[in-house]
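Enquirer: Using the sequences and the accompanying hints, generate a full structural model.
So the sequences go chain by chain: A and B.
Numbering-wise, the numbering used here puts 3 at position 3 of the first sequence, and it's gapless, one number per residue.
When you read off a place in the second sequence, starting at 1, and then add 1000, the result is the number in the numbering used here.
Don't read these hints as lab results, they were simulated from the structure.
Accuracy of the hints is not assured; some may be wrong.
Counterexamples of contact, computed for chain B against chain A with all Cβ distances above 10 Å [to be verified]:
| hint | residue |
| --- | --- |
| 1 | Phe-1014 |
| 2 | Val-1037 |
| 3 | Gly-1041 |
| 4 | Glu-1144 |
| 5 | Leu-1170 |
| 6 | Gly-1221 |
| 7 | Pro-1235 |
| 8 | Glu-1282 |
| 9 | Glu-1498 |
| 10 | Ile-1501 |
Here are some of the chain B residues that sit facing chain A, going by a computed Cβ distance under 8 Å [what the hints assert, rightly or not]:
| hint | residue |
| --- | --- |
| 11 | Leu-1109 |
| 12 | Ile-1148 |
| 13 | Met-1155 |
| 14 | Leu-1163 |
| 15 | Ile-1164 |
| 16 | Thr-1166 |
| 17 | Ile-1167 |
| 18 | Phe-1171 |
| 19 | Gly-1178 |
| 20 | Thr-1185 |
| 21 | Ile-1493 |
| 22 | Val-1496 |
| 23 | Ala-1499 |
| 24 | Ala-1502 |
Treat the numbers as computed from the prediction; the structure is a model and nothing was measured.
Built from N, CA and C at the ideal position, the CB exists for glycine as well.
Chain by chain, the residues run as shown.
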Amino acid sequence: MLETILQNRFAVTAVILFGIGFMNLLLQQNLLKKVVGFNIMDSAVFLLLASLGYIDGGVAPIVGDRGFDPLYINPIPSGLVLTGIVVSVSITAFSLALIQRIYRRYGTIELWELLERAGKEDD
Amino acid sequence: MRPFVENLPFLCIFLAILTGIVSAVIPRGRVCYWMTVTVAGIIAVLSAVVLQYTYGGNLSFTYSMGRFAAPYGNAIQCGPLQALLAMVFSVVLALALAGGKRDLFHDVLPGKLRLYFTMVNLLEASLLALVYTNDVFTGYVFIEISTIAACALVMAKDNGPNLIATIRYLFMSLLGSGLFLIGLTLLNSITGYLLMPSLAQAVAELAESGDYRIPLTVAVGLIIGGLGIKSAMFPFHLWLPDAHGGATTASSAMLSGLVLKGYIVLMITMMMRVFSMELMGELGVTNVILAFGLLGMILGSLEAMREYHVKRMLAYSSVAQIGYIFMGLGLGTTAGVVASCFHILVHACCKPLLFCCAGRLSAVSGHHKSLKNLRGSAYRDVSAGLGFTVGALSMIGIPLFGGFVSKLYLANAALPTNRTVLALVTLALSTVLNALYYVPALLAIWVRPPAEAEQHVLEDTRPEDLAFDRSFTTAAIALMAGIFVLGIFYHPITDVLEAGIALMGT
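Expert: Structural data, given as structure tokens:
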């Protein structure tokens, strides 16, 4: 049991982190904390991706004439992590800008309060 | 040497992105508007050429980017279905912009118009990419691009409730794309590929050998669930009414008519090209989709019945219509997918028409949105009244209108399965429910209110709003024509869909 966990330590950590981030994104009422939750969730995915491509003792994937000796790590997941980070940064920037705008208008970033006030404005 | 036509799908995506960048630096909103509409028209023509090429030759081609051969690199896969969807999406996008033009220039600050059109173009690029892509990670990237663009379109009408609707929409979308991404990672870890053909092969081998059954199920579930959240599958639809109901007319029309469809098309591609329907049925995923679809059809309509705000009513009706699409997919047969694709086309014509007409009707009633204040408004702009009537009748499913044909195909697709009774009963019930809220809305706009009530509404109305709106009328007539074409000359279209879906599996 313990050995399995140790062998899959990256995956286990990633799952735990993903859970934390997911619950934060779902249950927090503070919009900023939701954004932080989203960032944790994405980091978990990146950790999982990066660890999947890693091969023990592998070298940097510069493919020349030396073939597969020594083994090089799988470059595709690393590429995906880079793309994922770009996406995550831009989404974070967008949501922070949006939250700032909401704060300027309402003076609060608690979701329940905001919904209540928006409901009143609608009537 | 491959024929030049095969470059066109990529060129369409590139053209849309390029227009987005160019419109960011053009200060005049009107120029951006005409540029965007023209480019959408050009893309529609190019897609029509591709459609003619692929349907005529009954082929589906792969266009690889750069010089990296499969299984690396990135590729576009285009068949008749993809070309048809791309064509319809860009035509509807242009018409939605034209139909909501006056509201658009009224609701969005003049200085921000160029940015609005940047987002519209990015949205178009991401829709096309979601339709054409043959690489799941590219799919993920464009999902995020369309999320940002769609959120920006909602918040373009800058008022408090819209900001809150946007942030709820954004967080719900993030949840969906997070689930999609981790599903993708799991799938990549058990197969080692990202390009769809290689993935499909690996998944088929896994399905046969029975290895990694649990991770595979989880990955399929996460991918479908993530896309389901983004396309407002029933229990995850709570963000939709505020976001679609509050935005400016053109945004509502594009969001309801097109953005939801982009994710569904990607889902269909994943189901047909990667997982295969047999595997989906074996894992029980189709049953879940079917259940959510059926629930959405009923409960979405029930919520729409309680709504007095006309745009929010239409938004809830979208939830029900998305339910129809998921019901077709959930049947797990090719006929079901054909019916779903047809319903995508019908809804892509109907909903923008309804939103544009609702926007116009409320503009001639002093920008009031509740049905009570819209009474008799159809007489103030007859084309909007007619458009709303055509759209509503099509939603209910009256013969000769597009909605009838898609219901017919859905019912036909349900016959050979073992869930015939359930599907047919829900279909009938949902039709009755649709009628129960669309008919009162129709009565409200066509029955003249007492004179003093009308006078009260007219006091709020500005004379320039009552003037004839040429671009709206053109768009409404074009969309109405689209609904009648889908309702009367549907055989050629379903032939294209069937050919496209048959080519997708291979």
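Enquirer: Each hint: holds or not?
Expert: Structure-based check of all given hints:
{"no.": "1", "hint": "Phe-1014", "in the structure": "holds (19 Å)"}
{"no.": "2", "hint": "Val-1037", "in the structure": "holds (26 Å)"}
{"no.": "3", "hint": "Gly-1041", "in the structure": "holds (30 Å)"}
{"no.": "4", "hint": "Glu-1144", "in the structure": "violated (5 Å)"}
{"no.": "5", "hint": "Leu-1170", "in the structure": "violated (6 Å)"}
{"no.": "6", "hint": "Gly-1221", "in the structure": "holds (15 Å)"}
{"no.": "7", "hint": "Pro-1235", "in the structure": "holds (13 Å)"}
{"no.": "8", "hint": "Glu-1282", "in the structure": "holds (26 Å)"}
{"no.": "9", "hint": "Glu-1498", "in the structure": "holds (35 Å)"}
{"no.": "10", "hint": "Ile-1501", "in the structure": "holds (29 Å)"}
{"no.": "11", "hint": "Leu-1109", "in the structure": "violated (13 Å)"}
{"no.": "12", "hint": "Ile-1148", "in the structure": "holds (6 Å)"}
{"no.": "13", "hint": "Met-1155", "in the structure": "holds (7 Å)"}
{"no.": "14", "hint": "Leu-1163", "in the structure": "holds (5 Å)"}
{"no.": "15", "hint": "Ile-1164", "in the structure": "holds (5 Å)"}
{"no.": "16", "hint": "Thr-1166", "in the structure": "holds (6 Å)"}
{"no.": "17", "hint": "Ile-1167", "in the structure": "holds (6 Å)"}
{"no.": "18", "hint": "Phe-1171", "in the structure": "holds (6 Å)"}
{"no.": "19", "hint": "Gly-1178", "in the structure": "holds (5 Å)"}
{"no.": "20", "hint": "Thr-1185", "in the structure": "holds (5 Å)"}
{"no.": "21", "hint": "Ile-1493", "in the structure": "violated (36 Å)"}
{"no.": "22", "hint": "Val-1496", "in the structure": "violated (34 Å)"}
{"no.": "23", "hint": "Ala-1499", "in the structure": "violated (34 Å)"}
{"no.": "24", "hint": "Ala-1502", "in the structure": "violated (31 Å)"}
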